[in-house]
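A.B. asks: Here are the chains, one letter per residue:
Number of protein chains: 2
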Amino acid sequence: MFFKRVRSEGLAHISYFLESEGQAAVIDPRRDVGEYLDLVRGREARIKLVLETHRNEDYVSGALELANATGAAIYHGEQLEFGYGNPLQDGQEFGLGELTVRAMHTPGHTYESHCFLVSDARGPFMLFSGDTLFSGDVGRTDLTGPDSLRDLSEKLYDSLHHRLVPLGQEVMVLPAHGAGSACGHAIGKREITTIGLEVRDNHALQLSRMDFIMSKMSEGMEKPPYFERMEALNLHGPIILGEIPRPAPLSPRQLKEAQEGGGLVLDVREPHSYVAAHIPRSQNVWLEGIPVFGGYLIPYGRPLVIMADRLEEVEVAVRYLIRLGYEDVIGYAKGGMGPWIMNGMPISTIPARTAQEVRSRQQAGDPLLLVDLRDRREMEEGVIPGSTFMHLGKLLERSSELPADQELVLFCGSGPRGGAAASLLRNSGIGNVSMMLGGFAAWKRGGLPVGPLKNG
Amino acid sequence: MFFKRVRSEGLAHISYFLESEGQAAVIDPRRDVGEYLDLVRGREARIKLVLETHRNEDYVSGALELANATGAAIYHGEQLEFGYGNPLQDGQEFGLGELTVRAMHTPGHTYESHCFLVSDARGPFMLFSGDTLFSGDVGRTDLTGPDSLRDLSEKLYDSLHHRLVPLGQEVMVLPAHGAGSACGHAIGKREITTIGLEVRDNHALQLSRMDFIMSKMSEGMEKPPYFERMEALNLHGPIILGEIPRPAPLSPRQLKEAQEGGGLVLDVREPHSYVAAHIPRSQNVWLEGIPVFGGYLIPYGRPLVIMADRLEEVEVAVRYLIRLGYEDVIGYAKGGMGPWIMNGMPISTIPARTAQEVRSRQQAGDPLLLVDLRDRREMEEGVIPGSTFMHLGKLLERSSELPADQELVLFCGSGPRGGAAASLLRNSGIGNVSMMLGGFAAWKRGGLPVGPLKNG
Chain A
1 MFFKRVRSEG LAHISYFLES EGQAAVIDPR RDVGEYLDLV RGREARIKLV
51 LETHRNEDYV SGALELANAT GAAIYHGEQL EFGYGNPLQD GQEFGLGELT
101 VRAMHTPGHT YESHCFLVSD ARGPFMLFSG DTLFSGDVGR TDLTGPDSLR
151 DLSEKLYDSL HHRLVPLGQE VMVLPAHGAG SACGHAIGKR EITTIGLEVR
201 DNHALQLSRM DFIMSKMSEG MEKPPYFERM EALNLHGPII LGEIPRPAPL
251 SPRQLKEAQE GGGLVLDVRE PHSYVAAHIP RSQNVWLEGI PVFGGYLIPY
301 GRPLVIMADR LEEVEVAVRY LIRLGYEDVI GYAKGGMGPW IMNGMPISTI
351 PARTAQEVRS RQQAGDPLLL VDLRDRREME EGVIPGSTFM HLGKLLERSS
401 ELPADQELVL FCGSGPRGGA AASLLRNSGI GNVSMMLGGF AAWKRGGLPV
451 GPLKNG
Chain B
1 MFFKRVRSEG LAHISYFLES EGQAAVIDPR RDVGEYLDLV RGREARIKLV
51 LETHRNEDYV SGALELANAT GAAIYHGEQL EFGYGNPLQD GQEFGLGELT
101 VRAMHTPGHT YESHCFLVSD ARGPFMLFSG DTLFSGDVGR TDLTGPDSLR
151 DLSEKLYDSL HHRLVPLGQE VMVLPAHGAG SACGHAIGKR EITTIGLEVR
201 DNHALQLSRM DFIMSKMSEG MEKPPYFERM EALNLHGPII LGEIPRPAPL
251 SPRQLKEAQE GGGLVLDVRE PHSYVAAHIP RSQNVWLEGI PVFGGYLIPY
301 GRPLVIMADR LEEVEVAVRY LIRLGYEDVI GYAKGGMGPW IMNGMPISTI
351 PARTAQEVRS RQQAGDPLLL VDLRDRREME EGVIPGSTFM HLGKLLERSS
401 ELPADQELVL FCGSGPRGGA AASLLRNSGI GNVSMMLGGF AAWKRGGLPV
451 GPLKNG
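If you read the protein sequences in the order shown, they are chains A and B.
Position one of the first sequence corresponds to residue 1 (my numbering), numbered consecutively onward.
Position one of the second sequence corresponds to residue 1 (my numbering), numbered consecutively onward.
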């Protein structure tokens, strides 16, 4: 046998390629399926199975894409009416070379959630646990809405304790997410785990049934707005791309035309480059921020044009975007910002402030409001007294709460979210925004006053 | 944390890259260290530790190479006097970002063998088990010679049962070899494992102490002849390459000069191409056969010239060769066999026979002897009546047992060892050799007579 973890950084998503005697399965494939196809070519294998642990919420599934390229059969839980693939029954078995893969219905994260237990001649040894059991945490139970929260929390407890734990301490567990995912708030940094390690170390497995259910019901995790679109795409099946879209290189004039025709310029450069000089009305999301914040900040339905420093960054951006269901990338700025500037095209800037500068202006009584974009856990490191807290994903809907007569100084842990947020607000008509370079890290290292996070 | 298995196919060797918070360790590095260096660059990490589970026998260690490139500190068991690096003490701990790595002295495979147990804040979870514990098998105890066989077998039992098993069923085990290695005869196909899975499924862990010791003492595994050279190199430290050697492209005339100057032409093409037309006195070892059989068939101390169909194959061959301690690759045949042939240079051929042809000639009473190069386990599939069995690695030393008055038809499972063997015998002055195309597989699929393997 051969197995490989295929990671999608940012999403902290992990899919798996499993092969035995030339027969392969892919568990929870991502939409850019090139890496799986390279693996079958390199190993002279055939992908016969695509197994989905559940309808994914945080990325567009590559199941159809992979089935289209390879003829593989797709399976997913029968408890949800998918527009493609085949229904899975609890206990259903699949042969894969010398291995047997058994579907285990483990509702809880969602109703149709399944795990896949792999056995060889000596017995079961490896569990693909999807979003049911992570290293250090268990799946969230709130995605189907408040009405099913209790029911799913109860089901998750039972799936974990009556189906997974009895498999035995020795069984290896390969979950669909690692640390940093929006699908579990306490996923640990261990990269692979076992039933026994989770029984020993996972906080959620230490709780009584009632405490577990109460804890899941009060979890209160963010649900990124793009999850609904992902859920719909993964239920009905996304369009098949065939290959990664190749956007066209655009001259400044062509780029302007694309923008005038309704296109959005997505500027994936570092925020400090963006704020210094950018195309008016472009949206900044630094490259590695796309998987995490793209779904919050980039509207669906508008053609996109990428602004990047280098061509390779355009390619990475396109891969990140198609995973989130943005297929309509029509072009990229040929040569980056240089040609735009040299052609005398219009340019916007957003003030970038140092932490010291912000502090001095604060002390001088300048009317400015610091907007902290970090999440609760980051704030445990300390907060800047007098600042306002807003999650980057909630910024637009809460923008009416922001004062109109003050400069809004946006900052996060070290900078990038500040740039994206400033660009978002500016494009929504809130002109008096700036970003703080280096964010909270620069403030703290500068020895400026820091207070504790207050509850509530 | 981040961890990656870096596999060396053929050797079935697995090294590991482990990183936490920018600090990395490499366990049992191979000599071509580019992949580890790519990993540190990609992750903006620093390799601070090179940990060797034992003095390796089957490949040249990359420890010095990696230390030279990164400044990492090398550690290996203090029970052997290494010419480089630092001695390890039982229980010694190393910090690696948020992880702690503890050395556990586990003699048995060799006296200085160590395992490395990785813990995070929640406790131990991952064991790098070297050649002490594999998936499905345990290390061999015969490499230090017959005098220490019993002592090491006893020590291995104690290391396994009193040191590793007590770690707990839930701990993941990451061994230094997978299936196909010369370092354990029953290594299973599972790619990673746990203490609990091995306690449940590993044949060697089911035995009483006495049965275990008896079983290890009667194992009778092949010790490839090149192991001794590897052991010496890894004790004293191999020369540092700095980078992968780049052999020069040679014209037919230059190639001939190199050969006349004592160079050996190593022909890494497929055997059916080799036997059809090759440079006289060249040695055939098909490319993927180098890691497994190179150490048997290629003499140390002679400069090597590679004959391959494509340049990429030359590069792969060089990587395989340096892992086995062959650094003196001086050139390769530019353009492959074509220029040699077109320049009217001398050419040798070896007859290639089909299975049907061999059978007809057998029936017609032609004097020929079938020499089966497969190993014992492969022969359980069946044997060709009247054939002689010889391991490819023993062929030369046993060649006097072969009859001088018959054609020797060399074959293996599907062909490649037959070509390498025919080339070896021919170059040793045994002229009347041929190979059987498709080996035993073609014989069997052709419906020709097959008998059972007899004991003894």
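Quick caveat, the hints were computed from the structure, so don't treat them as lab data.
Misleading hints may appear alongside valid ones.
Claimed, not checked - If you only want the chain B side, here are some residues facing chain A, beta carbon under 7 Å, derived:
# : residue
1 : Met1
2 : Glu170
3 : Thr194
4 : Asp201
Note that the coordinates shown come from a computational prediction; the quantities given were computed from them, not determined experimentally.
Ideal Cβ positions, reconstructed from N, Cα and C, are used throughout, including at glycine.
A.B. asks: All hints are to be evaluated individually against the structure, with a verdict given for each.
C.D. replies: Verification of the supplied hints:
no., hint, result
1, Met1, "holds (5 Å)"
2, Glu170, "holds (2 Å)"
3, Thr194, "holds (5 Å)"
4, Asp201, "holds (4 Å)"
Violated hints are absent here; each numbered hint is respected by the structure.
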